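> Each chain, letter by letter, is given below.
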Amino acid sequence: MSHPSIIARKAHSDGHTCLTFSADGTHAFTGGSDCAVRIWKVAEGAEQEPGNATEAEQPVTALAASDDCWLSGSEDGCVRRYIKNKDELHGDVTEEAALSVRCIALDEQGTRLAVTSDNPSAKIIDMENTIKLTMLHGHRHNVRRATWRPKSSILSTCASDGEIILWDLSSEEPMILHTMNGIIPPVTDPSSPEFLHDCSAIWHPSGEQFYVISKTHDVICISSNNWVQSGKFVDKEVVGPTTALAISPNGAYLATACQSTVYIWTTDKRQVIAKQSANPNTVITQVAFSPKEHLIAWTDSSGNFVRWREPIPLNLPNSVKRLLTATTTTSKSGSGIPKGVDLFGEDNGLSLDDLAAFEELNDPTGGDEEGIDFNIDDADFVIDDVGGYLEDQTTKSRAKDDGLVKEMVSITKAQPAFQSGSTPFQTNKRYLAYNMLGVIEATRSEQEEYNVVSVDFFDKSARKSYHFNDTHKCHYAYLGERGALFASDTLVLYKPYGSWTTSQNDWTYSLKKENTRVLGICAGGMTPSRSFKNNSDTDLMGFGNVVLATSEGHLIFLSGTGRERRILALGGDFVTMVAGDEWVLVVYRAGATTIDGSQSLCYKLYYFDDLSVRQRDELPIPKGHTLKWIGITQEGAPVIYDSAGLIHLVAKHRVPHHATWVCILDTNLLERRVGKDESYWPIGITGSTFMCLILKGRQEHPGFPRPLVQELPLRMPFNTQNEKEEVVERELLFKELAMESLNGDELMTDDILSKERAIDKEFVVLIQGACKEDNVNRAVELTKLLHNLQTFDIVAKIADFYHLVGFKEKVMVLKQVREDSEDRFEAAREKRRRWNKIDTRPQRLPDVDVNGANSRPRAFQDFGPPPAIHRPGLTRATPSVEGTKYSSSTSEPPAKDTWSDPLAPSTNFTVSEKRKRNDFEDIEMESQSDISTPMPPPKQKANPFARKPAVEANKNPFARKAGNKTILQSESFFEKVDAAETTPAKSKKKSNNLAVKTKEKDKAEKEGPRQQTLFGLFGANQNGNQKGSAKRKTGLTPPDEPESQASDVTMADASQIETQHDGWEETQLIEDKS
Amino acid sequence: MSLPQSLRSSVTPPELELVASQQLIEIIPLIAMEKTAFISGAFGPLQPPRKTKIPLWMAINLKLKKKCHIVAPEWLAVEFLQSCLDEELNQPGFSMLPFRYAEVSKVLLDIAPDDIQSTDKIRSLLKDLREARQAKSREGLDQLNRGELSLSNLCSLEINEIRPFFVHAMGILTHLHRDASTEDQL
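Going line by line, the protein sequences match chains A and B. Using our numbering, you'd call the opening residue of the first sequence number 4 and step up by one each time. Using our numbering, you'd call the opening residue of the second sequence number 52 and step up by one each time.
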């Protein structure tokens, strides 16, 4: 650089100074209280000797320059014209009657001059014919400043009482377009220090807005569409009154002077990009951008003239190069403003956004920023597939915007993968995650060796905030309900929220394969019911689930403790994901973007427990827009926010494949949005509030320190104006969501009831409105939607009040219908179950279970199993019984085996062993085995017919029916039966039983004499037992043999022995019956 | 009244502060709490980061324990106060400020200066406002008569300030008037 960037020079004595550049930018003119104007050659340094024009008799207060002359205004009341760039006086343009000239302003063509002096009316002088004057009457106080709106004949004048008037001077007669009060500070005294402050309206070159210093000393931006404030330039650093401001020739930058420092802001994002301090304790009275050079100059109250070369950082387009997209959002509506393409330099057509994106793409190591900066605004979003980021591309897209050329060659740029709630680095800080739980911030250390990651929760009582040094420089993070997840390219770190000793549960997971990267992460889990400080809850509920998306197109599901569960293939380009209680919603691009600007994004909803896809659908993003954010509501429904400013919610997400997208808010229609240039950065949705950060201007990411979370009410963008109806429908939607999330058997919760009551109230109001309008059909329609029966009575009263007898009758009928019909909660539950049935059915598939399920209830509902408690009592019979019981219990396991093992030998073995014992023991053993395994009785029922083939032929699992055993055992049993049959009690057996019995009897008879020996003993026993068993049965199954009941009466006070015998006797009886 | 004369004069500012602390104020809680019933009503639930309205006394309590951020009320901002001050200086009447602005702003500036933007400026503006208004209420002395005194938009602390003197003065005026009328009768 041949010149130092700052050139300062004392030019005038202390006091008000003014400054202007010649139209070609080669000369600068400064005027001051020393009554002189100095003419500086901009190209020369501080040592130059300026030209002087000393005609003024009082301090020079205003300067202006056009293509062919320059003008000065002085407190002596004269406006003098000089020859271009020279100090030769051409003549006086006008003379105020000894009133100080305060401001002179030439319009763009240099044909009209506005002059303001200490006088309530401003003057317009025709430069061709300086006698031709137009007076502007309208102000009540002295007019201080006047400025022309570029490319039009609108003049803005600012008076000392703080009034701004916009004049339309296109016709002969000046017209007042608009008057604004209370925006600029009223300063009446010319000697007060505030009088040095610039109060003029500085127009943006596009003419869409002007900038002015407000009463609160901030610079505000006022839109020319509706003359309301559309923005404000605020920065933490900039404190104190702003004294001067100027806009760059291309309109991309605004220079303001505040506290002897010059700040340069971008006009689109309203951020300070550069600053330069000047002499302290002086007031900078005027700032100006050179019209042709990359240079700013200013003069201050101590008479210094300072030039600052190349004030804009090199990475940004400079102040003179024409920017195509750096106009404001209203550029489309600003009609009549040519959007011609100026081809000045290499990067001419580059917008700031493009530049940023370009840098990122060219930076292979820039993983930190990658995937973040997706907020490329729609104007630049369409790119040329052949050209790079050069100007021809922009011209094309611009042409398309203008609707002149149909864009055919370009395709839509695919939206890269991103994490919701993260931002790129701003200086050295960035947000990694920002949701309803809290914030994860990363701060670069000074040497950039590591990042300091801080995890901060909103609810400080539930989880503990912490921070750590992250040497891996994670660039993804996710704040889940049960843990925070961090990821760098290949390494994943999960930190579950635990007790105070946090680190012991942490785990890491790394991708081994080369060239695979993590593209997105998320962690889901149930919302903890209570504080994390007590471990009880955490221990049971675990640490949730972790999902990683990799560049290979895989989704890796891990458990909360780091166990790898499954790798699913996504089948598309991953974009982003969000996890709820039991699911993860993955947004991906199935194919390519379409030519007409659609991102063609889809989503899948995976359930964690069975890794099934419950929903798959397209994302409702308008063409030319991108997905900005995805999150979950507090009620657990997924929500998205797109660059068009719409919020959609997934309703019915629990019903497989039936989810719908509901638009719940259009941020463009927000009331607060009117007259403001702001955007919203979503955080979450709670009930019917939209929690977001508000970004001013074209800011794309929230800055630091963390801004306050704002709450905006949700409002479905209904076209009808009836707000009540919208409220009711929205509340119904949320009630439905709450109903869906009820689990299994729940009918309702208090919350739902109170919601219903509230909705009913709204309905009543609507019904009343309908009655008032005599719209009975509407009233009936609304009445049908009522929830509570009591509300019907209220509606009936309303009907009474409006003398709508017919309606009242209908209400009563509807009430009757509602009373008669099924409870609506149960109906809803039934519906929920029906929806989910598809999922529950597969769990019942196995045959074995069906068998067991069928046999079990049949057997024991009919006969009732003897409780196990009675068994020990068996010992009472005889000492030998006790011994046998013991032995029988030891032989129980093999007996059990027989149920599952159809092989005969083992059963035979047990039976043969038993046969060695006496029958009494045998029976007892049998009964015990029956008790321990409740299966046999029904099988026995079947058995009489299939017994023999079952044992011999059916050696398959179905034959494992315990029948084998009982039947084998029953050989000994039927011997007893034989004995019993001799008694009259047994004569009542059913015929089919008899058939079996006879068979078995035959068998038994073959056994011959051994049984005979025991016959008597058993017979006696059998008799008593029979009675006992009968007695037992009366308790359980009323329909029974009356005979045994009769005997029961006689045995009413039977001893323990008898009842104890029940245990086995009953099973005996069952066998008998079979 | 059974109180001795010395105690009868007026309510003290701390007492007014106590009264003012019943007012509701918006906070951003840092802890979660169910809806809880207090004597003065049920407040909550606290669900960070949602804003909630709770009484000032509770906000003070939570703030001192670092369990909430207080959201400064709309009127406690430089712009609003500046416009009030301008009105105060240019117009004869009192500007529209909340009835208990003095108490609330004092409490908030004391306990939650970190939640309010540009506290210094606000402090000086409040002081200016107070002085401007005080001057006006002093001017009101001219209009003092035995009957009534209407000073709309006067705030609680200011009423409290002028009450003992004005009441006394009005009493005297009434007395004088009565004397005059009796004299007339004579």
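If you are wondering where the hints come from, they were derived from the structure by calculation, not from laboratory data. It is possible that part of the hints are untrue.
Unchecked claim - Computed footprint of chain B on chain A, listed as stretches where at least three residues anywhere in the stretch have a Cβ under 8 angstroms from a Cβ of chain B:
1. 288-301
2. 686-695
3. 711-717
Stated by the list, open to error - Okay, the calculated beta carbon distance ranges per label pair:
4. B/E85 <-> A/A830: 26 to 34 angstroms
5. B/K104 <-> A/R568: 43 to 51 angstroms
6. A/H93 <-> B/D179: 24 to 32 angstroms
7. B/R214 <-> A/A761: 39 to 47 angstroms
8. B/E85 <-> A/R827: 26 to 34 angstroms
Claimed, not checked - Reference excerpt, derived from the structure (chain B facing chain A, CB under 8 angstroms, subset only):
9. L81
10. A83
11. K86
12. I90
13. P99
14. K104
15. P106
16. E130
17. Q133
18. L136
As the structure is a computational prediction, the values presented were derived from the model and not from experiment. Yeah, the Cβ is synthetic: ideal placement off N, Cα and C, and Gly gets one too.
> Going back to the hint list, which numbers does this structure go against?
1, 6, 11, 12, 14, 15 and 18
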